[in-house]
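Enquirer: One line per chain: the protein sequences are A and B, in this order.
539 is the number of the first residue of the first sequence in the working numbering; add one for each residue after it.
539 is the number of the first residue of the second sequence in the working numbering; add one for each residue after it.
Please keep in mind that the hints were generated in silico from the structure rather than gathered at the bench.
Any given hint might turn out to be false.
Note that the list lumps identical chains together, so a pair holds whenever it fits in one copy or between two copies.
To be verified - Only pairs whose alpha carbons sit at most 27 Å apart, straight line, appear in this in silico DSSO-like list of lysine-lysine: (1) LYS540 x LYS740; (2) LYS684 x LYS943; (3) LYS888 x LYS555; (4) LYS551 x LYS762; (5) LYS743 x LYS642.
Protein chains: 2
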Amino acid sequence: MKLDDLYSELTLKTGAKLALIVLDGVGDIATAAQHGMTPLEAATTPNLDALVQQGCAQGRMIPVAPGITPGSGPGHLALFGYDPIETQVGRGVIEALGLGIELKAGDVAARANFCTLDNKGIVTDRRAGRIDTSVCMELCDVLSKKVKNIGDTEVLIRPGKGHRFVVVFRGKGFEGPLTDADPHREGLPIPTVEAVDPSSSKANKAAKLVAEFYATALPLLAQKKPANGFLMRGIAHQPEIPSFEHRYQLKPACIAVYPMYKGLAQLVGMAKIEGAETISEQFETYLAEHDNYDFFFIHYKYTDMHGEDGNFEAKKRAIEEFDAALPILLRKKPDVLVITGDHSTPCFMKGHSWHPQPVLLHSDCSGSDKLERFSETGANLGSLGVFEARFLMRYMQANARMFDKFGA
Amino acid sequence: MKLDDLYSELTLKTGAKLALIVLDGVGDIATAAQHGMTPLEAATTPNLDALVQQGCAQGRMIPVAPGITPGSGPGHLALFGYDPIETQVGRGVIEALGLGIELKAGDVAARANFCTLDNKGIVTDRRAGRIDTSVCMELCDVLSKKVKNIGDTEVLIRPGKGHRFVVVFRGKGFEGPLTDADPHREGLPIPTVEAVDPSSSKANKAAKLVAEFYATALPLLAQKKPANGFLMRGIAHQPEIPSFEHRYQLKPACIAVYPMYKGLAQLVGMAKIEGAETISEQFETYLAEHDNYDFFFIHYKYTDMHGEDGNFEAKKRAIEEFDAALPILLRKKPDVLVITGDHSTPCFMKGHSWHPQPVLLHSDCSGSDKLERFSETGANLGSLGVFEARFLMRYMQANARMFDKFGA
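Sequences and hints are given; from them, build the entire structure.
Expert: Structure, rendered in structure tokens:
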């Protein structure tokens, strides 16, 4: 018997309210340069401290597997309880979601970027001299106006930042993944894409579609400088993911600000509640929607953003801003409340990392690990131990008393 | 290579004595109502403390999988080192074991209970007004005397508490599991049972047998009030489980008081040593049988019982009574001694839970976690970490030096 089937069989509906607050990239490492403290340790967090002292279970979560640094996609899929290795989402899809494109089942999406080609079609600059976003927008506009369809297939072209853009093929009968239309270094021509699985007729059809797109679109850029070509990578379709509501018997809503996280929530079928811009407004939205959903995913971006910049003080302040807003959420305290990250983003590393992120779980039956604060070293001592992030949802369901007893 | 095969290949006999003391449901959670303490923390346990201070490894164990609350069956099968999801035992079998029926290979057992039927055969009360145990005994006696066999198959009928009883079909050529002869709510007739796997001819044969049993037994109750019918659930055969002795190369004995735990031990082929009623007597039995077996499973029920009642003081006292008796066991200290639970039974929850139970392992090579006491929060800091209960036996074997080195 598969473990997921056992969980399904034991699942009961209880009407409990669950909230998952993701402080993106909150986990960090202590270094001498940072006075031997992490931002969580250095931050002044009276509200979080009070919550911990009321009784919480703490632990640390391995986002994917030991040593693996996740992007936002796998990081969040694991938090949503999906195996992030089994459920891979192509980068084209993630990028499209990040630009706020609402993908439909069957869409094939690609990350693309403008490049410079010489007169023999050899890639001489993979990023076209890192053109401005405004130039990228103009070029996408040119392509969008001239290439709306290929046969029956609709083509959507959306600019991103700098030289980056996204292409979505919307139609029927094709699928990814395809090999990249990108030599991955200068001095070579743009390779023709192929189906990763040559026996898939749908993928072969998609490869033909991309070739036709190149044949139509490349000539439109021939006179542009320096962006007279483009590369496409991570060409894949939106995978079929069992819906969150079906999997957990919880009606879920996403309260996020950035498109990428709304997109990831949408992938698993969460409703998107729009409008909030700040964490206080996100918590106000939670209060307003409290009775309409069972599960709330609330995403806070700034911990990760300042970690990526290596800005310890700003990451610390972002945590303090979150803490200051926390009492708004607690006006209608969820039955099960989790505060964690999707991964660590240590300031020292200026990027995502594999270090297990700390996690805090509060419910009437979470018990108490008798810790004073929420921090990385505190979480090391907690009753949840070090565990895989994909099991967090199961602990949340258990605390919501959503599982019947297994066996007599 | 399967991990179990590797363990087998590495196993050596060493003549060590191992003891597994199960304080049923000992794990708990600290809540404000209980002064922020668990019963283990609140109890005065000088003997346990001394043992810990001599040097123990501590940790916490996930009984089945994250968030899953086990019944006694899966809880103990995991402690005995079997995968509790792979090795599922039907509720009929567990119930029969609980009533002290010694099942034989091939037996099919069902949980049953008396119910009330109207004149059209519709179930109007699934529990027949919760008749007294004495009435249940009378009715079982009526059935037992009239229905001893169905064809070649022997039928055993044994009363339980209140409206509950157990039916065992002893013969050849049939197997479970079957669907329930229970509509699971009032207002419907008793459904006819079917094989869960319709392609199993043995299960189809068992379904036919149950139908014949109904045809014979129901008329015998027609004039009884209010118990003029009965329902049957969890109809299954005793699964084939590889014997404990073969799996671990240890000759095992069970020193338990309650039938359920004797039955679970018997399922894996442990010898039952009868006679002891109190924990002191159980330890005396251990002393007397010390030279006759390699492995002793000693089960103590009262921690769970008081946890189920939500009686913190009584659970604490049960731990203290265990502690007071511990020196008897230590007169012949086992080479490897484990004290743990089969799951947690938090007083606050008045029932089993998923919270990892604390475990203590003492041997000459267990090392010391330098903890002062045995408790949930202490165990969080131990060298065993949080691990799946089914690996406990392997740690016990390792501490008994029963594993050869793997590889050069």
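Enquirer: Could you run down the list of hints and mark each one as holding or not?
Expert: Here is what the structure says about each hint:
no.	hint	result
1	LYS540 x LYS740	between (30 Å within a copy, 25 Å between copies)
2	LYS684 x LYS943	neither (61 Å within a copy, 36 Å between copies)
3	LYS888 x LYS555	between (35 Å within a copy, 22 Å between copies)
4	LYS551 x LYS762	neither (59 Å within a copy, 38 Å between copies)
5	LYS743 x LYS642	within (18 Å within a copy, 50 Å between copies)
Checked against the numbered hints listed earlier, the structure breaks hints 2, 4; every other hint is satisfied.
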